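Those protein sequences? They're chains V and D, same order as listed. Per this note's numbering, the first sequence runs over residues 2 to 221. Per this note's numbering, the second sequence runs over residues 35 to 343.
It should be emphasised that the hints constitute simulated quantities derived from the structure, not laboratory data. Keep in mind the model is a prediction, meaning the values are calculated, not measured. Check the hints yourself; a few may be wrong.
[Stated by the list, open to error] Short, incomplete list of chain D residues facing chain V, as computed with Cβ under 7 angstroms:
hint, residue
1, 49
2, 50
3, 54
4, 242
5, 245
6, 246
7, 247
8, 248
9, 249
10, 252
Don't be surprised by glycine CBs; every beta carbon is placed ideally from N, CA and C.
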Amino acid sequence: MIEFSDVGLRYGNGPEILKDLNFFIEPGSFHFLTGPSGSGKTSLLRMLLLALKPNRGRVTMFGEDVGNLDQDSLLQMRRHIGIVFQEFRLLDHLTTFENVALPLRVLGQAESEYRPNVIELLEWVGLGERMHALPTLLSGGEKQRAAIARAVIARPKVLLADEPTGNVDPELSSRLVHLFAELNRTLGMTIILATHELPLLDRFSYPRMVLNKGELAIHD
Amino acid sequence: MIRQLLALLPRRVGAAPIVPEKSVAGRTLLLLITIMAFLSAVTLGGVVLVQKSAIAWSSDVGRELTIQIRPVEGEVMESNLRTAVSLAQSTPGVAGARALSLEESQALLEPWLGSGLDLSAIAIPRLIVVQLSDPADADIEQLQNNLLAINGASLDTHAAWRQQLNTMAGTMVLSGLLVLGLIGVATVLAIIFATRGAMASNREIVDVLHFIGASNRFIAGEFQGRFLSIGLQGGLLGTVLAILFFAIIGVAAGSVLPSEATAQVGVLFGQFLLGWDGIFIILLVVPVIAALTAITSRLAVRRYLSEAS
Numbered sequence: 002m003i004e005f006s007d008v009g010l011r012y013g014n015g016p017e018i019l020k021d022l023n024f025f026i027e028p029g030s031f032h033f034l035t036g037p038s039g040s041g042k043t044s045l046l047r048m049l050l051l052a053l054k055p056n057r058g059r060v061t062m063f064g065e066d067v068g069n070l071d072q073d074s075l076l077q078m079r080r081h082i083g084i085v086f087q088e089f090r091l092l093d094h095l096t097t098f099e100n101v102a103l104p105l106r107v108l109g110q111a112e113s114e115y116r117p118n119v120i121e122l123l124e125w126v127g128l129g130e131r132m133h134a135l136p137t138l139l140s141g142g143e144k145q146r147a148a149i150a151r152a153v154i155a156r157p158k159v160l161l162a163d164e165p166t167g168n169v170d171p172e173l174s175s176r177l178v179h180l181f182a183e184l185n186r187t188l189g190m191t192i193i194l195a196t197h198e199l200p201l202l203d204r205f206s207y208p209r210m211v212l213n214k215g216e217l218a219i220h221d
Numbered sequence: 035m036i037r038q039l040l041a042l043l044p045r046r047v048g049a050a051p052i053v054p055e056k057s058v059a060g061r062t063l064l065l066l067i068t069i070m071a072f073l074s075a076v077t078l079g080g081v082v083l084v085q086k087s088a089i090a091w092s093s094d095v096g097r098e099l100t101i102q103i104r105p106v107e108g109e110v111m112e113s114n115l116r117t118a119v120s121l122a123q124s125t126p127g128v129a130g131a132r133a134l135s136l137e138e139s140q141a142l143l144e145p146w147l148g149s150g151l152d153l154s155a156i157a158i159p160r161l162i163v164v165q166l167s168d169p170a171d172a173d174i175e176q177l178q179n180n181l182l183a184i185n186g187a188s189l190d191t192h193a194a195w196r197q198q199l200n201t202m203a204g205t206m207v208l209s210g211l212l213v214l215g216l217i218g219v220a221t222v223l224a225i226i227f228a229t230r231g232a233m234a235s236n237r238e239i240v241d242v243l244h245f246i247g248a249s250n251r252f253i254a255g256e257f258q259g260r261f262l263s264i265g266l267q268g269g270l271l272g273t274v275l276a277i278l279f280f281a282i283i284g285v286a287a288g289s290v291l292p293s294e295a296t297a298q299v300g301v302l303f304g305q306f307l308l309g310w311d312g313i314f315i316i317l318l319v320v321p322v323i324a325a326l327t328a329i330t331s332r333l334a335v336r337r338y339l340s341e342a343s
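One chain only, chain V, in its complex shape (with noise of 0.2 angstroms):
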């Protein structure tokens, strides 16, 4: 499903900060991604959410080779690409039920269409009696789970989670990382989940991918 070629990244001039990247995610896998601060994680993930082009290797995402897409299809394979942030980046102005509803707006679907499985979805992750509520008014938990349903909403093939627990507490992460254990058994969804948390790995036996320094070594 993603396979990563000899690849390199390097912001402008400076040095590379990945190197050699050489992995393969079969498609319904679930991979924590970890390593110190500042080791490229995010870097990485921008690279699989197709934010960021590689200064050198191959990316073959879905069976295509990223660098030969034009734009037209890499928005069309972004669309398969769910991801949740650190710092939940819902829309305050727009109810909990507009944010998550928001993906499926942007494919252009009709309210009347959508409304059923949003509700469904925000039953589901515990959300049912919040979904009138705006962001503001929701609790950290509550907002990294609308994040969360925001980007599964649309049913898309790989979600991506960068520090999805950063900001709550370690009972709260758990049950967070639970929720995205779930997603792939009951949905199929690909997982790659950025922590930094070691105490959270331990309690799942899913591989890791560990990133030093801009190399990556993956544990089963």
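Position chain D against the provided structure of chain V, taking the given hints into account.
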């Protein structure tokens, strides 16, 4: 009152707008477009007033000719006057001709010579006012030739006055249109800067929309809808204020100026009355400003997005 007017505008139904309706950038742009629409509408109204007055005045002056009989030694003035009147009346296209009486002629000189003077001893030129039924069909050349038979007679068609009036009115209309064009250019530039400001302040929304797979076309459409709404509101507000401005000026001119001055101003500017056709022309500012805002902001947004990506 502004809020009540805005409440009359159609509201979006269905899903909430992705670009927030109330923002500092939005309010600034609304104020700016209201001012530009007001200036455009006032300029356009001024052009309409000048144009209408010039047409009316030119038409009035064009329907009238003046025959002047200068006193010439050996000629009998009253006899010449009667001949000239009958020549004028027999000319095709003339509705009527009337010689001004001696008293009327003396009254015309009063502004220059003062009142109370006995002018009976002085031979003064006499005037005959000729009203035309149709200026296009009147055979003025024939009348001019016929008048050659009367010693001291001359015909004034007011052509020089009309020419001057038309030139002045044309200059004012052209100047007004030039000002209108400059206001349009200033509006476009201001909208571009305001749009870029609005885009920068809504950067988070643009980023999130990009991350969830929105195309630049979709994002531009969302912002364009918002800017079209601002353009409509600003255009309507500015235009309504301009119509109120003309109404107030019209009332104020009638009540502040003395009646003689009002009459004179009225001759020049038609009592500041725009008329329904004038109001209709001014109302055209609303769709023009709205379209200008929507098109300019769309181009600015597309440019911003292509630079950002």
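Hints, one by one, checked against the model:
| no. | hint | result |
| --- | --- | --- |
| 1 | 49 | holds, 5 angstroms |
| 2 | 50 | holds, 5 angstroms |
| 3 | 54 | holds, 4 angstroms |
| 4 | 242 | holds, 5 angstroms |
| 5 | 245 | holds, 5 angstroms |
| 6 | 246 | holds, 4 angstroms |
| 7 | 247 | holds, 4 angstroms |
| 8 | 248 | holds, 4 angstroms |
| 9 | 249 | holds, 6 angstroms |
| 10 | 252 | holds, 6 angstroms |
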